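If you read the sequences in order, they're chains A, B and C.
For what it's worth, the working numbering labels the leading residue of the first sequence as 1, then goes sequentially.
For what it's worth, the working numbering labels the leading residue of the second sequence as 1, then goes sequentially.
For what it's worth, the working numbering labels the leading residue of the third sequence as 1, then goes sequentially.
There could be a bad hint or two in this list.
As the list claims (entries may be wrong) - No more than 20 Å apart at the CA atoms, straight line, and that leaves these computed lysine-lysine pairs for PhoX-like:
no., chain 1, residue 1, chain 2, residue 2
1, A, Lys47, B, Lys143
2, C, Lys77, C, Lys195
3, B, Lys343, A, Lys42
4, A, Lys321, B, Lys62
5, A, Lys353, B, Lys53
6, A, Lys120, A, Lys28
7, B, Lys42, B, Lys59
8, B, Lys422, A, Lys353
9, B, Lys396, A, Lys321
10, A, Lys228, A, Lys104
11, A, Lys274, B, Lys53
12, B, Lys226, B, Lys163
13, B, Lys422, A, Lys292
14, A, Lys104, A, Lys42
15, A, Lys47, B, Lys396
16, C, Lys62, C, Lys194
17, B, Lys62, A, Lys42
18, A, Lys316, B, Lys422
19, A, Lys316, B, Lys396
These aren't lab readings, by the way, just hints derived from the structure by calculation.
Note that the coordinates shown come from a computational prediction; the quantities given were computed from them, not determined experimentally.
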Amino acid sequence: MINNFKVNSNEIDKFKKISKQEKEFRIKNLNLFNKNGFPNNKSEDWKFSDLRDIVSKNFKKLDVQIINSKSKNTTLIKNFDHNFLVLINGNLSSSNFDFEEKNKIKIKNFYNDNFSDINKYNPLIHLNHALSDTGYSLEIADNYKFKKTLVIYNIFTKELNENILNSRNKIQIGKNSELHTIDLVVNESKNKFMNNVYENVILKENAIYKNICIQNEKSDGFFHKFSKNTLSSKSKYSSFIFPSGLKFNKLDLEFNLEGEGSECNLQAASLLNKNDHQEIKTRINHLVPNCKSYQIVKNVLNTESKGVYQGKIFVKDIAQKTDAYQLSKALLLNDNSEFNSKPELEIYADDVKCSHGSTSGSIDETSIYYLMSRGLNREESVRLLVSGFLNEIIEMIKSNSIKKFVQKKIEEQIHGN
Amino acid sequence: MKNQNINTLEDYKYGFTTDIESIRAPKGLSENSIKFISKMKKEPQWMLDWRLKAFNRLKNLKEPNWQKPKYPKINYQDLYYYSAPKSASEKPKSLDEVDPKLIETYKKLGIPLNEQKRLSGVAVDAVFDSVSVATTYKEELTKKGIIFCSISEAIRNHPDLVKKYLGSVIPLTDHYFATLNSAVFTDGSFVYIPPKVRCPMELSTYFRINASETGQFERTLIIADKGSYVSYLEGCTAPMRDENQLHAANVELVALDDAEIKYSTVQNWYPGDKDGVGGIYNFVTKRGACRGKNSKISWTQVETGSAITWKYPSCILQGDNSVGEFYSIAITNNHQKADTGTKMIHLGKNTKSKIISKGISAGQADNTYRGLVDIGKNASNSRNFTQCDSLLMGNKCGAHTVPYIKNKNSSSTVEHEATTSKINDEQLFYCNQRGMNQEEAVSLIVNGFCKEVLQQLPMEFAVEAQKLVGISLEGSVG
Amino acid sequence: MLEIKNLKASINSRDIIKGLDITIKPGELHAIMGPNGSGKSTLANVLSGKNGYHISGVIQYKGKNLIEIPVDERAQKGIFLAFQYPTEIPGVNTNNFLKTSLNKVRKSKGEKELDTLTFLKIVKEKSAELGIDEKILSRQLNVGFSGGEKKKNEILQMKILDPSFMILDETDSGLDIDALKTIANGVNSSRDKKKSFLVITHYQRLLNYIKPDFVHVLSDGKIVKSGGMELAVELEKTGYKKIK
Ligand SMILES: Nc1ncnc2c1ncn2[C@@H]1O[C@H](COP(=O)(O)OP(=O)(O)OP(=O)(O)O)[C@@H](O)[C@H]1O
Ligand SMILES: [Mg+2]
């Protein structure tokens, strides 16, 4: 139980059968979290998202107990051949790799054996590392390309009510291997709860990882995810994220381009509605020469929503010939909405191409005028322009079937409101 | 010791005469040293109270530490808070002994000979005759009702204006260095432009009477009353060879309805040597309030000196339709560090701001742009455009861009763009092929890169600044 | 004037010039033709001293070996390259640039530096002579210039700097007929007994106006054929295939 948002140290005692080392690691992290509590806007990384304030306004208590509900039948995406993982409240509940060679794939519950890595900055990582006991670990052997997409169903059950879930996931893709995933969030809970995920993605040489993350149902979830991604030489990472609909959502993504010729692409599109608060924070570390990174983040903000983008590109002195680009665009549809951004460059190598742009503002009145002169009413015109604005991102998805699937989700959202 | 100092002071009034080097406040930061300064300046009681209030607040404030450049801890008890200029024996006896570069600068600025002598610190007694040009200007200004004097004079002669506006833009307790300045400021300029008056000339520290050789804690207050216009130049083109000295100036600007203030700075203080020894810590607080409707404040800065610069000339756009501008060139070489930028706080309707920042980093230097654009809920139809470009020369230096952008109004637009790159090899080749050597080519290309900002400077200053750009980068190309 | 012997040049471990010999005497105009990618611009760059090439062989200019001499000094010694793709330099005023350049060249010759007024007078004169609108000189260097304007600007610079050895890299490409005449006029009016030219071109058209003394065909980094004007005429008909 988190009382006054401090975790009682006897929570750690509930983990039976853990090594002394692990216990120490959990206690160390717990103390770190308890020292600072939930971060507030005094801390640079949380400048635009005062989580302490948000938590204290929304929760009287937070239960840290792991909820092990069994799943009802999971509704799978129809007319779309795919492998899948089902996570129930963060817990790996089932998996299916019928389209693949099974011996190339290792899937199991996450087990942490690294007790030396203590995060310096993020209290939510401390909380996660103190309490996490669920999550999955997926390892793909060398030289294996997935035949079908892997869909990861993240299901949150009805039982959740003033709980906080802490889970850890790991994906490792071997040399010359390739994996495409879709992360899909399904929320059955009608109550407030928190989900705090720590994710680790490791790409070996020449590996390719493509991920699409869809979370767009309106819900009372408060989500935080820290994702640490390590790219070896010539590996490629691409992620499309379509998050929205959460009371609080912060995606904190760190990319370490450690091998020459590696490449990372990040595309995000969100439509934020009443009471949504969403932050995307990225840090791209260009550590070696000849790497590329590309980020484009689009937000549409409706009544009483808040969007944040904090993106940092770091280029180490030896990382010559870096090509890094970052663009954030926001459309404010209503005066009670707010968009904040901090696009940051920190560069120590001179032979580089680095740039960023950030714009925020109202929807273009001349475009609305044009559409209205063709017979659409104002509302329809706005909707059309909003979907066009977000579609630019969706159009970048290569697979047609996935593109259609995402398009449908976004359209539902635009018209649902 | 203290009493003796005060006696010396009384013997010499305020003029900077040959004996002035003996005038010093007691060492260290204390109520006594503040009282000393106030007394020496013959300040009224309210001014002393104001200073002491700041001093009391200072006790509860901490030095900021969020800036990129870190610096060795300053021992505030080891500083003199009032110190007269170097002793006359160190001063050059005639213009022949003065750095010819300096004289050249003065000539360009059109400063007459006598004035040149005074500015160069040539012993002033015999040479400095009474018909100084500065006085001539002063008469012309007085006719228009313009007040242009040292802040100490203003405190004595125009207390109502000072009371009304001093600290109204930078509150007494704003942050550590600003508060420190409020407690111990020694001198600076005061400008008041009456309604509907267009100041007929560029006002400059060069032409200022009684205000040369101001101390480390300068305080400047400029008020442009309704419908007036003034352009103010702050020149530090003379390299001051001080050792690691702290400069914590405060500059406040107030523009009322339909008024415009243009404030230009060319800062070339001693940056320290090639190994990063010595140099000035330039921790300046500059802020302008566009208080009236249709008012405008424009900051232009060329920062090439100082070991460490922290400086964020800002605009608070309160009045409807007010405009804030920030044009900046920051060049760092060797071990210099600059962390500079601006804050544009949009409060009024239809407010506009524009930020053009050019950072150039060479050697082992670090150059940071840090800025805030904040569009408030009520600032409808407001606009900001920001362009930040950085140029890196070599891979031992760094460029950092840290913009904070907040938009709370859906009818307002914020646009921010930034790039970081090196000087294009093809451009260098083209210049070389036309006979220019590497340094000339770099200077030319960098000046082109900075063009948009240089254009904002008054003509004479622009020429000087262009040369400065070249000089600052000397030795940075292999 | 210029003597090139067994010149080889490579960049990024790619051999581009593969053993090339040319001798250009004072007063001569040599034309170089050759297929795309044969190394013509590379030759022009190497002669003007661009960094980054690995070079062997001899380049004698007025009796001195050039190889170790940096670009700017070669320019001061009178070598001028009219670029195939003149570089844009934002923020730099063309007049200003040209004045700096001219004064560098004059200074190295021991001549007096010019003040702005005299300089502008020369500019006026030369641009009138060539029929080029001097207005482009008050714009930023090559920024937003049309293709033709860039090339004319190169020729105007050439006239003003008054070099003794001029390399024109496809200065005639992409020009309308009037502009082509302007360029040819710029070349012809500069010709005298003491000056030499190396003109890189793809078209006989320019050569009709400027009458080369020699025409060389460069293919795969070597001169594969040399001759007079008749070679250019032949090439225009048959293309490069037959020559290989
Ligand atoms: N820096 C370089 N690195 C690698 N290859 C290069 C480089 N510069 C030129 N090359 C190659 O060398 C060859 C010769 O190039 P060059 O520009 O000299 O051709 P050119 O004869 O001028 O062609 P064009 O008629 O199209 O202008 C080309 O194949 C080109 O791609
Ligand atoms: Mg070519």
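Going through the hints against the structure:
Restraint check for A/Lys47 and B/Lys143: not satisfied, since their Cα atoms lie roughly 52 Å apart, outside the 20 Å limit. For the hint pairing C/Lys77 with C/Lys195, the CA-to-CA distance comes to about 13 Å; that is within 20 Å, so the pair holds. In summary, the hint linking B/Lys343 to A/Lys42 is supported, as the alpha carbons are separated by about 19 Å, within the 20 Å threshold. A hinted pair counts as satisfied when its Cα atoms are at most 20 Å apart, and A/Lys321 with B/Lys62 does not qualify at roughly 41 Å.
For the hint pairing A/Lys353 with B/Lys53, the CA-to-CA distance comes to about 50 Å; that exceeds 20 Å, so the pair is violated. In summary, the hint linking A/Lys120 to A/Lys28 is supported, as the alpha carbons are separated by about 12 Å, within the 20 Å threshold. Note on B/Lys42 and B/Lys59: the hinted pairing is violated, with a Cα-Cα distance of about 25 Å set against a maximum of 20 Å. Straight-line distance between C-alpha atoms of B/Lys422 and A/Lys353 comes to about 8 Å, which keeps the hinted pair within the 20 Å bound.
The hinted pair formed by B/Lys396 and A/Lys321 meets the criterion: a straight-line CA distance of about 15 Å does not exceed 20 Å. Under the criterion of a C-alpha separation no larger than 20 Å, the hint pairing A/Lys228 with A/Lys104 is inconsistent with the structure, at around 24 Å. For the given pair, A/Lys274 sits about 46 Å from B/Lys53 by alpha-carbon distance, which is inconsistent with the 20 Å threshold. Only pairs whose Cα atoms come within 20 Å are accepted, and B/Lys226 paired with B/Lys163 is accepted, the gap being roughly 19 Å.
In summary, the hint linking B/Lys422 to A/Lys292 is supported, as the alpha carbons are separated by about 17 Å, within the 20 Å threshold. Under the criterion of a C-alpha separation no larger than 20 Å, the hint pairing A/Lys104 with A/Lys42 is inconsistent with the structure, at around 47 Å. A hinted pair counts as satisfied when its Cα atoms are at most 20 Å apart, and A/Lys47 with B/Lys396 does not qualify at roughly 30 Å. Taking the CA atoms of C/Lys62 and C/Lys194, the gap is about 11 Å. The hint holds against a cut of 20 Å.
Between B/Lys62 and A/Lys42 the CA atoms are separated by roughly 15 Å; this keeps the pair inside 20 Å, and the hint holds. Annotation: proposed proximity of A/Lys316 to B/Lys422 holds, straight-line Cα distance about 15 Å (limit 20 Å). Between A/Lys316 and B/Lys396 the alpha-carbon distance is near 10 Å, which keeps this suggested pair within the 20 Å criterion.
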